[in-house]
Amino acid sequence: MVTVKINGKEVQVPKGATVLQAARKLDIHIPTLCYHEALTPYGGCRLCVVAVTRDGATQIVSSCNYEVAEGLEIKTETDVVLDIRKFVIELLLAEAPDAKILKELAQEMGVKPLKRFKPRNELCIACGQCIRACKEIVGVSAIDFAQRGYEKKAASPFFERSQDCIGCGTCYTICPTGAITLKDIAEGEKALLPDGSEVVGPARIIDNWKVGLELKRCKQCGEPFAPQFQLEYFTKKVKLPEDFFEVCVECRTL
Amino acid sequence: MKVTGRKDLEKLKDKGTASLFPDRVRIMVGMATCCIVKGADKVMSAIAEEVKRQGVRASVVPVGCTGLCYKEPTVEVVQPGKPKITYGDITLDRVPQLIEAIAKGMVKKEWALYQTEREEQLVQGGYHAYGRGTPKELKGIPKHSDVPFFRKQRKIILRNSGCINPEKIEEYIARGGYSSLLKTVTQMKPKEVIDEVTKAGLRGRSGGGFPAGIKWLSCSKAEGDGKYVICNVSEGDPGIGMHKSLLESDPHSILEGLIIAAYAIGAKEGYIYISSGYKLGVQRMEKAVKDARACGFLGRNILHSGFDFSVKVKEGGGAYVCGEETALIKSIEGDWGEPRQRPPFPAVSGLWGKPTVINNVETLANVPVIMTKGAKWFSSIGSQKSKGTKVFSLIGEVNRVGLVEVPLGITLKEIIYDIGGGIPRGKAFKAVQMGGPSGGCIPKRLSNLPVDYETLAQAGSAMSSGGLIVMDEKTCMVDVVKYFLTFLEGESCGKCTPCRVGVRRMREVLTDISRGKGKKEDLELLEKMARLIKEGAICNLGKTAPNPFLSMLKYFKDEYLAHIQKKKCPAGVCTS
Chain A
21 MVTVKINGKE VQVPKGATVL QAARKLDIHI PTLCYHEALT PYGGCRLCVV
71 AVTRDGATQI VSSCNYEVAE GLEIKTETDV VLDIRKFVIE LLLAEAPDAK
121 ILKELAQEMG VKPLKRFKPR NELCIACGQC IRACKEIVGV SAIDFAQRGY
171 EKKAASPFFE RSQDCIGCGT CYTICPTGAI TLKDIAEGEK ALLPDGSEVV
221 GPARIIDNWK VGLELKRCKQ CGEPFAPQFQ LEYFTKKVKL PEDFFEVCVE
271 CRTL
Chain B
3 MKVTGRKDLE KLKDKGTASL FPDRVRIMVG MATCCIVKGA DKVMSAIAEE
53 VKRQGVRASV VPVGCTGLCY KEPTVEVVQP GKPKITYGDI TLDRVPQLIE
103 AIAKGMVKKE WALYQTEREE QLVQGGYHAY GRGTPKELKG IPKHSDVPFF
153 RKQRKIILRN SGCINPEKIE EYIARGGYSS LLKTVTQMKP KEVIDEVTKA
203 GLRGRSGGGF PAGIKWLSCS KAEGDGKYVI CNVSEGDPGI GMHKSLLESD
253 PHSILEGLII AAYAIGAKEG YIYISSGYKL GVQRMEKAVK DARACGFLGR
303 NILHSGFDFS VKVKEGGGAY VCGEETALIK SIEGDWGEPR QRPPFPAVSG
353 LWGKPTVINN VETLANVPVI MTKGAKWFSS IGSQKSKGTK VFSLIGEVNR
403 VGLVEVPLGI TLKEIIYDIG GGIPRGKAFK AVQMGGPSGG CIPKRLSNLP
453 VDYETLAQAG SAMSSGGLIV MDEKTCMVDV VKYFLTFLEG ESCGKCTPCR
503 VGVRRMREVL TDISRGKGKK EDLELLEKMA RLIKEGAICN LGKTAPNPFL
553 SMLKYFKDEY LAHIQKKKCP AGVCTS
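Quick mapping for you: the protein sequence lines, in order, are chains A and B. When we follow this note's numbering, the leftmost residue of the first sequence carries the number 21, and every step to the right adds one. When we follow this note's numbering, the leftmost residue of the second sequence carries the number 3, and every step to the right adds one.
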């Protein structure tokens, strides 16, 4: 165990824990955006910054990926820390003015949109949660960052139709800003993908990765219930019997 | 031939000496990229042809960069019995006449820049004396020691640049090369090597100038086996190419330094990470590695000392941010070149999670010299806290553009006026920009400042990799800052918000100002953004990105105000 001091309070956490985890143990609130407890921390958004003093030197670090060490002194609400957090929200608000989570964080921190910046209306704030989820939780790695700098965003390879996406929708569920769109279309319904190709339902459409994936029908009720690829992938990954996904959850009887 | 000890090394040295100072004419053509862009490759082919046609007994040799970029293509000629003559501006049309003169045993006085009577042999000590020639044939040709461009220079890192054929290991050995490695691995303990480098006061020749010895010590103390050493040749500053030049001119000096570093910290494997697009550098370094392996300076049981070390040349993808240590490591690992938060520092957890030392090319090129000449000698050069020399790309509005190496502590004025010859076309000197795109400007009134790490940092600039861009009165500082911020915006990896979005937004506001659309509260906003990007960004690309703006604001605030309040660009550069 390692003992650290946060805002004057001592706390013991296991070796390898992060400053964020230690703070949460003390019920000290640190806002986060690119952090998700199911994923490897990324440290990109800089919302969770804190001031860490180590061997007499103070440094501003992201708490989500800063490992605790014996004797660390952490302050979670210094002026600089709060200024950086507000600045991050100011910057991101101009990128994605309609993102609910940003509006909430802005309200929580008392931040108003800066009129000097022209709004961009790009919902993807490059937090990378979708990418990490696809890689670490699903194990597919269908998407990754593309471009760099201001143009950086999550994308399918070469911005073309993803060959590996199984349509599971984890990216859609985890995205904090709603930058990923997922839509299931019914039998016979038609939809256009961003590349102009037509998809006929029943299918799952994720515009971001330019996929329209066929939905499998339940053998019993006949209703489409999940993308074919996803079921095949899960069957293989968890080594389920081949016919496990022949019926939908509702029709499954033990 | 595998070298196993002093005797073998001497044999190679003799071979190299015979090649460097043959009993016939030696014609050396500067053939680094900077020379080639001025047509040196064609000049060299023409010389070889002409030599053959006129039946001259001469060897025509490609060498590295002499630093005289303003006189490229340069050709140096050693004729038996004469001093070495350096010719400048040898374009294709001049080749036949030059060779004709050489064929007759004469000197082409009108194109000669200077004569060199003796060549310093820095590593082994002493000089090689050339012939003396006759006063008549040398009349009017200045001596090397009297040439203003060289008088205040001190060549340690560039000791062999322009002197040896970079692709001939024996020529490097003839200049004392690999004798330091032999001494190190056979006579010194790793700890003694680290102590010597620490005592010498050698500091990293890029970035913040961290003491190399301390970096080595913390890596050697770090737990874990399978340590790595990496040579960082990821240089991306626009218009600047010190590392490229050294790589192309003297790859073995870097390699020898790297092998010694590996011995000191206990690494068995190393990488030389080279920016994308440095084709000639990669080619010369690969040849150097191959030759060093054949000689037994790399591989198993190096020089019969029991020390094993192998090295790979790795070409990067060309991102500027990959010069940052943690991004460089990720790039070698095959991942996105994205920096990560430190600690852990690479010396503790670096490549593949193993303790890793990353040194810049210039830092490493100093190491063999320190090992032979000693810490005391090295620390006698430079200023109190900044020891040794530094290579600068002297460019911009200056008469003698070139690659210069100066002892630290020299003043900016000496570099710009004494070495660089001042500002062309009678214009007034305005400022000098140092430290690459995220460095800062120093105005004319501070040109008496000594060039060392602390002084430059205090003045809001940086040593960094060593670009030195001279600006005259016709330069608009708002425009310059906009240029650098545009560069950094494009090179930001995009990982953290302050750098990805913040730098972009700063650039947008600056663009408005330069177009006469600035608002009066813009400076305050930019200052706030600069402060928070510096505090909040992950890596040094982001943390230093606001520097050009901050230094300009410190020294040239009136120019911003003129753009914002009067909607005027005093230098007449910006247009709406």
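Derived from the structure by calculation, the hints contain no laboratory data. Treat the hints loosely; a few may be bogus.
In silico BS3-like links for lysine-lysine, alpha-carbon gap of 30 Å or less [claimed, not checked]:
(1) A:Lys173 to B:Lys332
(2) B:Lys314 to B:Lys356
(3) B:Lys536 to A:Lys135
(4) B:Lys556 to A:Lys135
(5) B:Lys314 to A:Lys138
(6) B:Lys281 to A:Lys123
(7) A:Lys106 to B:Lys530
(8) B:Lys281 to B:Lys17
(9) A:Lys106 to B:Lys44
(10) B:Lys314 to B:Lys185
(11) A:Lys132 to B:Lys559
(12) B:Lys522 to A:Lys138
(13) B:Lys521 to A:Lys138
(14) A:Lys95 to B:Lys17
(15) A:Lys29 to A:Lys45
(16) B:Lys545 to B:Lys387
(17) A:Lys173 to A:Lys230
(18) B:Lys559 to A:Lys35
(19) B:Lys44 to B:Lys54
(20) A:Lys106 to B:Lys281
(21) B:Lys223 to B:Lys185
(22) B:Lys375 to B:Lys185
(23) B:Lys545 to A:Lys173
(24) B:Lys111 to B:Lys40
(25) B:Lys536 to A:Lys29
(26) B:Lys185 to B:Lys111
(27) B:Lys157 to A:Lys135
(28) B:Lys314 to A:Lys123
(29) B:Lys356 to A:Lys135
(30) B:Lys530 to A:Lys120
(31) B:Lys556 to B:Lys568
(32) B:Lys292 to A:Lys132
(33) B:Lys332 to A:Lys155
Keep in mind that this is a model prediction, so the values were computed, not measured.
Notebook entry, point to check: Given the hint that A:Lys132 pairs with B:Lys559, does the C-alpha gap stay at or below 30 Å?
Noted result: With a Cα-Cα distance of about 29 Å, the restraint between A:Lys132 and B:Lys559 holds, given a limit of 30 Å.
Check: Taking 30 Å as the top limit, are the C-alpha atoms of B:Lys521 and A:Lys138 close enough?
Finding: Distance ~14 Å between B:Lys521 and A:Lys138 Cα, so the pair holds.
Next item on the list: For the pair we were handed, B:Lys545 and A:Lys173, check the Cα-Cα distance against 30 Å.
Entry: Judged against 30 Å, a Cα distance of about 22 Å means the pair holds.
Notebook entry, point to check: Within a Cα-Cα threshold of 30 Å, do A:Lys106 and B:Lys530 meet the stated pairing?
Noted result: Holds, because 12 Å separates the two Cα atoms, which is no more than 30 Å.
Margin query: Holds or violated: A:Lys173 and A:Lys230, Cα atoms, limit 30 Å.
Written below: holds (15 Å)
Check: Regarding the pair B:Lys314 and A:Lys123, is the alpha-carbon distance no greater than 30 Å?
Finding: violated (50 Å)
Margin query: Next pair to validate is B:Lys314 with B:Lys185; report whether the Cα-Cα distance is within 30 Å.
Written below: holds (24 Å)
Check: Does the alpha-carbon distance linking B:Lys530 and A:Lys120 stay inside the 30 Å limit?
Finding: Since the Cα atoms of B:Lys530 and A:Lys120 sit roughly 26 Å apart, the hinted pair holds (cutoff 30 Å).
Next item on the list: Could you grab the alpha-carbon distance between A:Lys95 and B:Lys17 and see if it respects the 30 Å cut-off?
Entry: Distance ~65 Å between A:Lys95 and B:Lys17 Cα, so the pair is violated.
Note to self: What's the verdict on B:Lys111 and B:Lys40, does the C-alpha distance respect the 30 Å limit or exceed it?
What the structure shows: Given that 30 Å is the threshold and the Cα spacing comes to 22 Å, the pair holds.
Note to self: Does A:Lys135 sit within 30 Å of B:Lys536, going by the straight-line distance between their CA atoms?
What the structure shows: holds (23 Å)
Margin query: Next pair to validate is B:Lys314 with A:Lys138; report whether the Cα-Cα distance is within 30 Å.
Written below: violated (47 Å)
Violated hints for the displayed structure, listed by number in ascending order: 5, 6, 9, 14, 18, 20, 26, 27, 28, 29, 32.
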